[in-house]
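Enquirer: This is what each chain is made of:
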Amino acid sequence: MEKVPPATKNSLIRRVSYLLTGLPPNPKEVKNFLLDTSSVSYEKMVDRYLNSPAYGERWARHWMDLVRYAETKGHEFDYAITGAWKYRDYLIRAFNEDVPYDQFLKEHIAGDLLQTTRENKETGVSESRLGTTFYVMGEGTHSPVDVRQDEADRIDNMIDVTTKTFQGLTVSCAKCHDHKFDPITAADYYALYGVMESTRFSPVPADLSKDKKLAAQEIENLNSYMRKLVAGKWDRAKNSYINTEYAQNTTINTSAMSYTVIGDFRGRDFDGWTSDGFAFGQKSTLGNPIVDPATGKLLGLDEGKASSRSMGMGIFGALRSPNFILEKDFIGVRALGKNSSIRIIIDNFQLIQNPIYGGMDQRVNTEEWNNFIFNVRAWKGRKAYIEILPGTHDRHRYNLTEDAFIEAQYAVTYDGEWPLDLEKNITKQPSQDNWASLEISPFKVIRINDDLKKGKLTSNFPELKAVVDSSRLLAKSLKNVSFVNGIYDGYGINSPIFNRGNYKEPSEEHVPRRFLSVLSLGDSVFKSEGSGRLELAEVMLDKDNPLTSRVMVNRIWHHLFGKGIVETVDNFGLQGKLPSHPELLDYLAVKFQQEGWSVKKLIRAIVTSETFKRSDALANTDPNNIYLASFPVRRLEAEAIRDGILAVSESLDSTMYGTPVPTHLTAFMQGRGRPGKSGPIDGEGRRSIYLEVRRNFLEPMMTTFDRPIPFSTFGRRNVTNVPSQSLILMNDPLVAQQAEIMAGKLMEKGLANFEEKVQWIYMQAFSRLASREELKKASNFFGMLQEMEEKMDGKEKPEMELWKEYCHSIFNLKEFIYLI
Amino acid sequence: MGHHHNTKPRVISRREMLGLSAGGFGSLALMSLFGTMSLGCKRSGSHETTSNLYLGPHYLPKAKNVIFLYMDGGVSQVDSFDPKPRLAKENGEDPRKKFKVDATQFDNVGKILKSPWDFKQYGECGMPVSDLFPHIATCVDDIALIRSMVSNFPEHTNANYFLHTGSGLQGRPSMGAWMNYGLGSENKNIPGYVVLDGGLIPPGGLDNFKNGFLPASYQASVFKAGPEPVANINPRESINNLQEEKLQFIKQMDDSLIGKIGEADAVESAISNYELAYKMQSSIPELTEFKEETEATKKLYGMDSDDPHLRGYASQCILARRLIERGVRFVELTCPNVGADRWDQHSNLKVGHERNAHAVDQPIAGLLKDLKSRGLLEETLVVWTGEFGRTPFAQGSDGRDHNPSAFSMWMAGAGVKGGTIFGKTDEYGYRVIENAVTVHDLHATIMHLLGLDHKQLTFRFGGRDMRLTDVHGNVVKDILT
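As given, the protein sequences belong to chains A and B, one line each in that order. The working numbering puts the first sequence at residues 662 to 1481. The working numbering puts the second sequence at residues 525 to 1005.
Bear in mind the hints are in silico, worked out from the structure with no lab data behind them. All values derive from a computational prediction rather than experimental measurement. There could be a bad hint or two in this list.
Stretch by stretch, here's where chain B covers chain A in the computed footprint (C-beta under 8 Å, at least three residues) [stated by the list, open to error]:
| no. | stretch |
| --- | --- |
| 1 | 679-686 |
| 2 | 730-741 |
| 3 | 854-865 |
| 4 | 1228-1241 |
| 5 | 1350-1358 |
| 6 | 1464-1478 |
Glycine residues also receive a C-beta, built at the ideal position from the N, C-alpha and C atoms.
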């Protein structure tokens, strides 16, 4: 095989810069590279781009294609996915910091379950959990008439994206029957279905840090300290309380009850419910000393309830029940609070609103205990859980005000009338007293409070004042102000197999949660009481799993050469293509793992190879360039074209991160959910990755240049060639505007003559100098422009007007949108 | 190049093609762009392996083009094409005492509601049509009515996606994209799949008209009324011929690039796209200005009406005819915004349906008559449908909720047996009781008329050979000639 000679240095720096950062090289960088004659000049140049912040922006966008990244949920009204952009920023940081891929994978699959989390070096905020946001990037329907089908559709999408992205397998094909081509069974699909079904959705604070965790822990410690202090001072009286059980006022005939208690928080614990976040702490308020903050005087011991303000207000937390089947007409929750909500989550359905589900999300705004009643008659037989949380969902955006809190005593499901007797039927737990920490039953707390009022016990605790003060101070640091739509771990559910994918025809047997049976450890059942996602991440990373490393290595190769070693980057199954270089793929996959799953090291290894440095002149012996005798010519991606225009016109704003720039809405972008205001034409000069991705209002320039529609995994973009692309470059106002800006910049440079001006433009746009011939053509073109304009109105136009037309033409040259 | 659809396809290599085509690389680009010639050499494409290809018909087509009149929101079948005298008899009674009522979108089930409109029989076939559509009623002998349509979804967005793409979820290719993928377009200056935005883009948005996993070249081009009918179609240069001069300069520079690079095919296509784009700039305004349309024609469609919405829809119907005359494969018209929502009358059925009907009735009848008199109806399939029907009982007191269990739609033109009524609903028009036709069946039938076998037109994506009809679909033979 005959190899073609290496590419020129100009060509190489342009290639490396675009492929590593998505931007053209700055002319200064080009000059420096050309001047650097050292033997390591190429490696130094590569390292500079690998370490540029723009590298993360480029490679994060590649990843976003895999996880159907969008900032809205599409469907009818295109509701926002709260904080989606924080996941985008997470990706940029992760690629820039070269987070090892195994860690990156773990954070995606189970970032919420990791024992040790990875923190942002600057802010201390936990990064790991943000990875899981990819699960919720899917479409969302409000008011589905069949909520179970809706859940099945969402889960199918989650399985599809997860397995394609991380394993290059099309597991979704096994939804209706065993995979027709690959050794993936329907049982495999439903084993993963259980994993996803056991995963719940939730607003997740995006500002959790180690400091906050420590503060919460400290508050809990202070609380125990107060309890011990009080118990200690009352120690002499303890015998009159412990070892005596106080009878309930009434006897309840439990067999006649037309209700079932789902959760009772009047005892010391949460009755099997899960407390997520800090707000509710780990236990109910039963026995908490209530102290007058001014004097330190003990006012009494608190009754038992779940309270989101036990630490302070405006702190995120949610209390959620286990799953149960809706069997009675009503669900009732006795609660009070402010700007908070109780939601009934049926089959994991989140976009609760009218016309169908509006009643399943009730606002809590009452200072007195109140009975909140949910009519669930229409959904009997469905699985559900109850969610009690401070804050509200406003048009599906979670909002937590500073004064928000919620408290609940119990939750019940019943037929007919609200079960009044429940109020008196207080639980006896904890059944074992522990006087030293005031762990005593509700009846004893009532007795103690009576005695305290009568003066039988001392209420003088001046030393508590300082404790209460520090606790309050600490609580302030716990406030959460920033959220993402995320996930948290629910209770493990094993799914039946749905015959032909129809949930109405379930198999009798349920498939235990596990990985794909054909892969290593694929038969071991997950032991976790939750979803098992952490185990899923671990088996994906098992050393005998052949796919995890190969799939990622192949993606990287694809992005660098425009074609994967396995061309079907998302499908390593039998329907995919065979690798063109199997040994190379194996070699790189092993190397990738040995070098600590470092994406940057792998990219560096490939980019510094001789193959990568070849010119694009086609070798006769390799007409389809399968063996990469030459470097493939390729069109730049949508983002690189737009960002390139902004960069060469010098109007690129390289600000990183943050809320997306609103979509510029043209007259052609109509329909429900259209934002009231259009964003700016130039997207504020920001890189394309920071432009809003609204599912129902996708940027036309992006989609026309083949950015995929965000619904599934697209590891490989289509590359189409259509006149609407030419029309954009010819007539779109953005391109014309940037040409004008570039001409203006050119005028400011104070360059001496025509040739210098053309050369400036060539260096900006093509990273090289114009040839004699090109200069001549430019001069002819310019002369013609002048002539035309003069003919038009007889007088000379400002020079800038002519340069504007020239720059606009430059943007339209193929050399500008092709990597040559 | 033309309509060699019935000739046996032969494999033509890319190089051969380059040699054969008089225009060199330019012509190859045209072919791969709008499929002016069907290669017919492959029976399926794939996301993984191809970017642009066209397959050609599987057998002799009846129809060349489709005009899809989308009645967004769901027209009430019992108020339009499926008369139910029993509703009048039992008006005001509780439907739950008469039949099992399914869960509805708004869960606000009222009383049985008789139709506010009378039905009369029309044409030689005697098809009953309500007073909502006095003009369409005069065309019934050309219309095949299906009264037994069913959808899988009672929500607009899912049902819209389903009707347009064969799947209730976002992201699948639209039927117009499939037709162009299968057949290509016959005009190189106009895209092969055009959506005429009459004012209302249906719920689910532009994704109803997208290419899904097919290459982006198959997505619909949206046309709007006004000075810029297609995005970026107007040159921005302030001086005459300036754009031409720039394009010439660009071509000169690009051509010299070709000699310097290796794999130049894609770059060559991109160069020739500029010629196409330039031609589109002039062909589209020519298309949307109705200079050569006679007053009589305009009047036929209702361009002289006092109702601005009727005039707007009339001009869309004329434009649709002009598009298919020029070989555009698939044209969809969305609804005008009459100020009373789309056909989605959850309340105030009488006013809303009347306004919507008034805007579209005469233009549609005008279109059918105009196509017929020009001989175009023989090769054009006109499809009229909503995404689902409406309930025979009221929502609240004077509206109707969504009903996916029965709705009426009709087709006219190429290969369609005029004056036919197919399928049957129960006495309330609530459920289909005979010859249910699914959305997949509708797609299979449209494809069949275009000469495509819905089971054979596939595209590999995510490891599966995807079809518009998924694993379903039967051609409704009874309504075909």
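Enquirer: So is the stretch 854-865 of chain A in contact with chain B by the C-beta rule, three or more residues under 8 Å, or is the coverage claim wrong?
Expert: With 0 residues in contact (Cβ-Cβ under 8 Å with chain B), the coverage given for the stretch 854-865 of chain A is violated.
Enquirer: Quick one: see if chain B covers the stretch 1350-1358 of chain A, three-plus residues with Cβ-Cβ under 8 Å.
Expert: holds (count 3)
Enquirer: Counting residues of the stretch 1228-1241 of chain A that have a beta-carbon nearer than 8 Å to any beta-carbon of chain B, does the count reach 3?
Expert: With 8 residues closer than 8 Å to chain B, the stretch 1228-1241 of chain A meets the three-residue bar; holds.
Enquirer: Examine the stretch 1464-1478 of chain A: at least three residues should have C-beta closer than 8 Å to a C-beta of chain B.
Expert: Our answer is that it holds, as 8 residues pass the Cβ test (under 8 Å) against chain B, meeting three.
Enquirer: With a C-beta cutoff of 8 Å, work out whether three or more residues of the stretch 679-686 of chain A approach chain B closely enough for the coverage to hold.
Expert: violated (count 0)
Enquirer: Taking 8 Å as the Cβ threshold, is the statement that the stretch 730-741 of chain A is covered by chain B upheld or broken by the three-residue rule?
Expert: holds (count 4)
Of the numbered hints listed earlier, those contradicted by the structure are 1 and 3.
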